[in-house]
Amino acid sequence: MENLLEVKNLRVSYHTYAGEVQSVRGVDFNLNKGETLAIVGESGCGKTVTSKAIMGLIKKPGEIKKDSEILFNGKDIAKMNSKELNRLRGADISMIFQDPMTSLNPTMKIGKQIAENLIIHKGMTNQEAHDEAMELLKLVNVPNPEKRINQYPFEFSGGMRQRAMIAMALACVPKILIADEPTTALDVTIQAQIMELIKDLQRKFGTAVILITHDLGVVADVADRIQVMYGGKIVEKGNTNDIFYNPQHPYTWALLQSVPRPDLKRKEKLYSIKGTPPDLLKPPVGCPFASRCTHGMRICREVMPEVTTISETQSVSCWLQHPQAPKVDIHKIEGRE
Amino acid sequence: MSTEKLIQVNNLKKYFKVGRKQTLKAVDDVSFYINKGETLGLVGESGCGKTTCGRTVLGLYEATDGEVLFEGIDIHKLSSEKKRAFTRKAQIIFQDPYASLNPRMTVGDIIGEGINVHKLYTGKEKMNRIYNLLELVGLNREHASRFPHEFSGGQRQRIGIARALSIEPQFIVCDEPISALDVSIQAQIVNLLISLQKDLGLTYLFIAHDLSMVKHISDRVGVMYLGKMVELAATDELYNKPLHPYTEALLSAIPIPDPKIEKERQRIMLEGEISSPIDPAPGCRFASRCRFVKDKCLSENPIFKEVEKDHFVACHLFE
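Just so you know, the protein sequences line up as chains L and F, in that order.
The first sequence lines up with residues 1 to 337 when you count with the working numbering.
The second sequence lines up with residues 1 to 319 when you count with the working numbering.
Just to be clear, a hint being listed does not mean it is correct.
[Unchecked claim] Distance condition first, Cα-Cα at most 35 Å in a straight line; then the derived DSBU-like pairs of lysine-lysine:
id: 1; chain 1: F; residue 1: Lys296; chain 2: L; residue 2: Lys267
id: 2; chain 1: L; residue 1: Lys147; chain 2: F; residue 2: Lys296
id: 3; chain 1: L; residue 1: Lys109; chain 2: F; residue 2: Lys21
id: 4; chain 1: L; residue 1: Lys274; chain 2: F; residue 2: Lys198
id: 5; chain 1: F; residue 1: Lys260; chain 2: L; residue 2: Lys204
id: 6; chain 1: L; residue 1: Lys33; chain 2: F; residue 2: Lys5
id: 7; chain 1: F; residue 1: Lys21; chain 2: L; residue 2: Lys269
id: 8; chain 1: L; residue 1: Lys327; chain 2: F; residue 2: Lys260
id: 9; chain 1: F; residue 1: Lys126; chain 2: L; residue 2: Lys267
id: 10; chain 1: L; residue 1: Lys138; chain 2: F; residue 2: Lys198
id: 11; chain 1: L; residue 1: Lys199; chain 2: F; residue 2: Lys263
id: 12; chain 1: L; residue 1: Lys147; chain 2: F; residue 2: Lys21
id: 13; chain 1: F; residue 1: Lys263; chain 2: L; residue 2: Lys267
id: 14; chain 1: F; residue 1: Lys260; chain 2: L; residue 2: Lys233
id: 15; chain 1: L; residue 1: Lys265; chain 2: F; residue 2: Lys126
id: 16; chain 1: L; residue 1: Lys267; chain 2: F; residue 2: Lys21
[Said to hold, decoys possible] Just so you have them, the derived chain F footprint on chain L, three or more residues with Cβ under 8 Å:
id: 17; region: 31-37
id: 18; region: 225-238
What the hints contain is simulated information worked out from the structure, not anything from laboratory work.
The beta carbon of each residue, even a glycine, is placed where N, CA and C say it ideally should be.
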């Protein structure tokens with residue numbers, strides 16, 4: 001498989017009045033051509049910041065730390081100047097955001113917003129771009145595109161806005177599409193439509209997708225590979241089946257357990273993770289999950305575990321994998337809280 | 001669980017005037033009941049009127065028509081004095097734990113406000129009551145002197161629950177209490193709501209759009225679409241044997257966190273989007289998106305009626 005993007009030791013911090021918030025603390029991964037990689041985690045785990053770094057969207061007070069590398073076609077995005085970034089964004093890598101209400105320009109017609117991309121990156125004339133925008137709106141199943149193309153975002157519903165965003169993102173046939181919680185603001189029936197659309201277009205154009213979400217249900221259907229983030233680090237990665245059927249990290253397991261599953265009796269206690277995520281102003285030295293983990297040991301709090309390879313596709317950072325660690329079955333969690 | 005009805009809603013309507021001539025029919029002729037000690041789930045997409053329904057049941061909105069009987073008495077016809085007595089029995093927990101707590105009040109004052117209004121306790125007794133409530137919802141008494149901004153979303157929702165419980169209500173409307181929270185925190189709050197119900201014998205109207213959570217917590221579930229109740233049945237019955245085409249499509253759209261099941265299942269994809277509740281067209285509200293649409297659906301409004309025991313549906317397919 002062709003390697004499209006490689007992220008090495010990515011660290012991103014935000015300098016705030018309270019101090020340095022270490023949002024992403026050393027993340028390594030790669031993205032293959034045409035695949036769907038899901039990044040799963042709760043708010044504040046660093047998943048959105050990771051994707052913003054790939055888009056070159058980290059601005060002051062944010063900072064990509066030294067030694068971080070984001071290699072795309074052999075070039076390091078982290079070191080690009082704004083001219084190079086402008087050439088990259090929207091053409092090779094584009095992004096759709098969680099909130100289609102606030103990520104469209106309210107004072108610009110939808111057609112013009114889509115055409116803008118084509119004029120800048122492909123050097124089309126206004127008329128050509130307008131025609132192409134019409135084709136794109138048809139492609140994303142916006143009904144009545146002749147009328148819609150001259151409307152403003154406020155005239156679109158949430159689902160339609162997200163379709164317009166997708167049209168805009170795919171205008172230049174990018175190699176990578178980053179979808180940051182694309183369906184979180186939408187209703188379930190619309191969510192299903194949008195995910196179906198993204199899958200279809202991915203097949204058509206061979207675009208690789210990085211899907212950022214907290215919803216494991218959405219991931220199960222579309223992802224090829226999953227990586228789970230917690231406290232600014234990737235704690236586990238693997239194929240979709242590895243993660244769902246053979247999770248190795250206690251956090252992954254807990255996350256899977258905290259949504260009601262079909263086998264659970266009604267009103268029976270759900271598994272819930274005690275406590276709250278770590279404060280990244282003062283990130284823990286050891287494993288970020290240690291304080292909430294049912295199997296936490298002393299070493300977990302003191303030293304960050306190494307990455308252990310489970311199989312060709314799966315790896316995990318957890319002290320329980322150490323040969324000297326006590327053998328525990330993480331799938332058996334004592335006393336459902 | 002008793003079968004004594006705590007709340008009976010009959011043909012409830014709530015219209016809002018928009019502009020000069022248009023009416024938005026947020027809740028349009030909805031009837032249901034809630035038994036003592038049970039949880040009725042109310043689901044539907046945004047704009048279907050579920051929140052308006054919950055608020056009208058509490059009397060926060062005046063009903064346009066219809067009645068809401070609480071223990072047999074219509075709450076919309078109460079004198080202001082009796083209305084105050086009713087507000088002691090019914091409370092609400094809001095969706096957004098960031099917007100629903102006054103940032104200038106301490107947690108103790110927030111929880112104590114209802115106690116003051118109803119003159120339940122004063123002085124030391126009141127503080128003890130506040131401490132007990134905090135402990136009941138999994139916080140501790142030191143938190144009483146802090147301000148809302150010092151808490152995380154899950155903790156704030158716990159404060160909201162403590163506030164609702166402060167005046168010992170019988171009935172609580174939970175308006176999307178978990179949708180603003182992270183997955184691992186959602187489970188904590190749902191567990192808390194379930195255990196409080198068991199201990200205090202509370203009755204819930206649980207409004208949400210997360211269908212799997214609603215399934216988990218509810219005894220019966222009602223499905224709303226554009227201001228109408230389209231189906232209402234016991235939870236297992238509804239999820240296993242949905243009758244209304246909308247319920248069927250809604251259930252098939254829930255993503256299941258299991259790749260094998262996901263890859264095999266067939267989705268019923270709904271075309272289009274929810275239409276406007278402003279002066280809706282005659283006939284069934286769902287007709288424009290329904291796969292089984294007939295001529296009759298476009299002209300005649302289906303009646304909400306019992307087709308099987310305790311299974312209500314409003315659809316021309318079942319007539």
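Here's how the hints hold up against the structure:
1. For the hint pairing Lys296/F with Lys267/L, the CA-to-CA distance comes to about 41 Å; that exceeds 35 Å, so the pair is violated.
2. For the hint linking Lys147/L to Lys296/F, the alpha-carbon distance of about 31 Å falls within 35 Å, and the restraint holds.
3. In summary, the hint linking Lys109/L to Lys21/F is supported, as the alpha carbons are separated by about 29 Å, within the 35 Å threshold.
4. Between Lys274/L and Lys198/F the CA atoms are separated by roughly 21 Å; this keeps the pair inside 35 Å, and the hint holds.
5. In summary, the hint linking Lys260/F to Lys204/L is supported, as the alpha carbons are separated by about 24 Å, within the 35 Å threshold.
6. Pair hint Lys33/L plus Lys5/F does not hold up; C-alpha atoms about 60 Å apart against a cutoff of 35 Å.
7. Distance hint between Lys21/F and Lys269/L is unfulfilled; the C-alpha atoms sit about 50 Å from each other, more than 35 Å.
8. A hinted pair counts as satisfied when its Cα atoms are at most 35 Å apart, and Lys327/L with Lys260/F qualifies at roughly 29 Å.
9. With a C-alpha separation of about 32 Å, the suggested pairing of Lys126/F with Lys267/L holds against the 35 Å cut-off.
10. Distance hint between Lys138/L and Lys198/F is unfulfilled; the C-alpha atoms sit about 53 Å from each other, more than 35 Å.
11. A distance of roughly 13 Å separates the Cα atoms of Lys199/L and Lys263/F; the hinted pair therefore holds under the 35 Å criterion.
12. With a C-alpha separation of about 26 Å, the suggested pairing of Lys147/L with Lys21/F holds against the 35 Å cut-off.
13. With a CA separation close to 28 Å, the supplied pair Lys263/F and Lys267/L stays within the 35 Å bound.
14. Taken as a hint, the Lys260/F and Lys233/L pair is honoured in the structure, with Cα atoms around 28 Å apart against an allowance of 35 Å.
15. Restraint check: the Cα-Cα separation between Lys265/L and Lys126/F comes to about 38 Å, which exceeds 35 Å; the hinted pair is violated.
16. Between Lys267/L and Lys21/F the CA atoms are separated by roughly 46 Å; this puts the pair beyond 35 Å, and the hint is violated.
17. Check on the region 31-37 of chain L: 0 of its residues sit with their Cβ under 8 Å from a Cβ of chain F, so the three-residue criterion for coverage is violated.
18. Counting residues of the region 225-238 of chain L whose CB falls under 8 Å from any CB of chain F gives 0; the rule of at least 3 is not met.
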